[in-house]
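Asker: Sequences are here, hints too, so could you generate the full structure?
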Amino acid sequence: MKENNIVKQFINSVVAQLNEDKKECDSALLYMLECNYDLFIQCQLQIAQLGLLIPDTKGNLVKNPLLKVQTDSQIQCIKCLNDMLITPKQRAKSATPNIDEESPLMNFLKNNN
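Position one of the sequence shown corresponds to residue 8 (the working numbering), numbered consecutively onward.
Quick caveat, the hints were computed from the structure, so don't treat them as lab data.
Don't take each hint at face value.
As a list, the in silico DSS-like pairs of lysine-lysine whose alpha-carbon atoms are at most 27 angstroms apart [stated by the list, open to error]:
{"no.": "1", "residue 1": "K75", "residue 2": "K96"}
{"no.": "2", "residue 1": "K30", "residue 2": "K96"}
{"no.": "3", "residue 1": "K29", "residue 2": "K75"}
{"no.": "4", "residue 1": "K65", "residue 2": "K75"}
The structure displayed is predicted, hence computed values, not measured ones.
Answerer: What follows is the structure, given as structure tokens:
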């Protein structure tokens, strides 16, 4: 996986939150989150460049297939975060202390819920 500063910053934010909440995390789950978030970012950048609609082989505009990949990776990210108990919904259930609302983690969750 290519090093991406956005992804690195996001994962560091997740790890910091887990440490602050004194929660342990499976390294495989953290790696899955990192891979899916990286895929989400790659799709987001490609969609911004190519557009929501792209021409098919006949020249007709069709929905960019990366939208499905982006949605699927987003769903996987949310599942990983739910498993780590650090989404707003999970924090409300477990009465976890507040997270910095401007962190990369919270920006992702706010923009994609």
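Asker: Decide, hint by hint, whether the structure agrees.
Answerer: Now the hints, each set against the structure:
A threshold of 27 angstroms between alpha carbons decides the hint, and for K75 with K96 the separation of about 24 angstroms falls inside it, so the pair holds. Proximity of K30 to K96 is assessed by CA-CA distance (about 17 angstroms); at most 27 angstroms being required, the pair is judged to hold. Proximity of K29 to K75 is assessed by CA-CA distance (about 35 angstroms); at most 27 angstroms being required, the pair is judged violated. Taking the CA atoms of K65 and K75, the gap is about 21 angstroms. The hint holds against a cut of 27 angstroms.
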